[in-house]
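Work the whole structure out from these sequences, hints included.
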Amino acid sequence: MTNEQYAVLTDELRNDPLGRGYAPMTDEEVAGALNEKNRRVPTQRFISMRAIAAALDDLVFHYQR
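First residue of the sequence shown? That's 476 in the numbering used here, and the numbers climb one at a time after it.
Quick caveat, the hints were computed from the structure, so don't treat them as lab data.
Only a predicted model underlies this, so the values are computations on that prediction, with no experimental measurement involved.
Glycine included, each C-beta is placed from N, C-alpha and C at the ideal position.
Treat the hints with care, as some may be off.
[To be verified] With beta-carbon atoms standing in for the labels, derived distance ranges: (1) 523 with 481: 27 to 37 Å; (2) 502 with 482: 16 to 26 Å; (3) 504 with 528: 25 to 35 Å; (4) 480 with 511: 17 to 27 Å.
Here it is as structure tokens:
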């Protein structure tokens, strides 16, 4: 576990943003609560300029046929 991951985990357990109530839970219950699929992770999709250029070249090539 990296330092950043450890910081995120300790922040989750201390602040309990979803109100899960970690304090009275056993270690196994906390692990189960943390592993539930009840969180959304924001993601961004990045496309390289090379991939964009290749797609545009392909589009222009097929358009000119």
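Right, here's what the structure says about each hint:
For residue 523 and residue 481, the hinted distance range of 27 to 37 Å is satisfied, since their beta carbons lie about 32 Å from each other. One distance hint, 16 to 26 Å for the beta-carbon pair residue 502 and residue 482, holds here, with the actual separation near 20 Å. Judged by the Cβ atoms, the range 25 to 35 Å given for residue 504 and residue 528 is violated: they are separated by roughly 51 Å. Judged by the Cβ atoms, the range 17 to 27 Å given for residue 480 and residue 511 holds: they are separated by roughly 18 Å.
Of the numbered hints listed earlier, the single one contradicted by the structure is hint 3.
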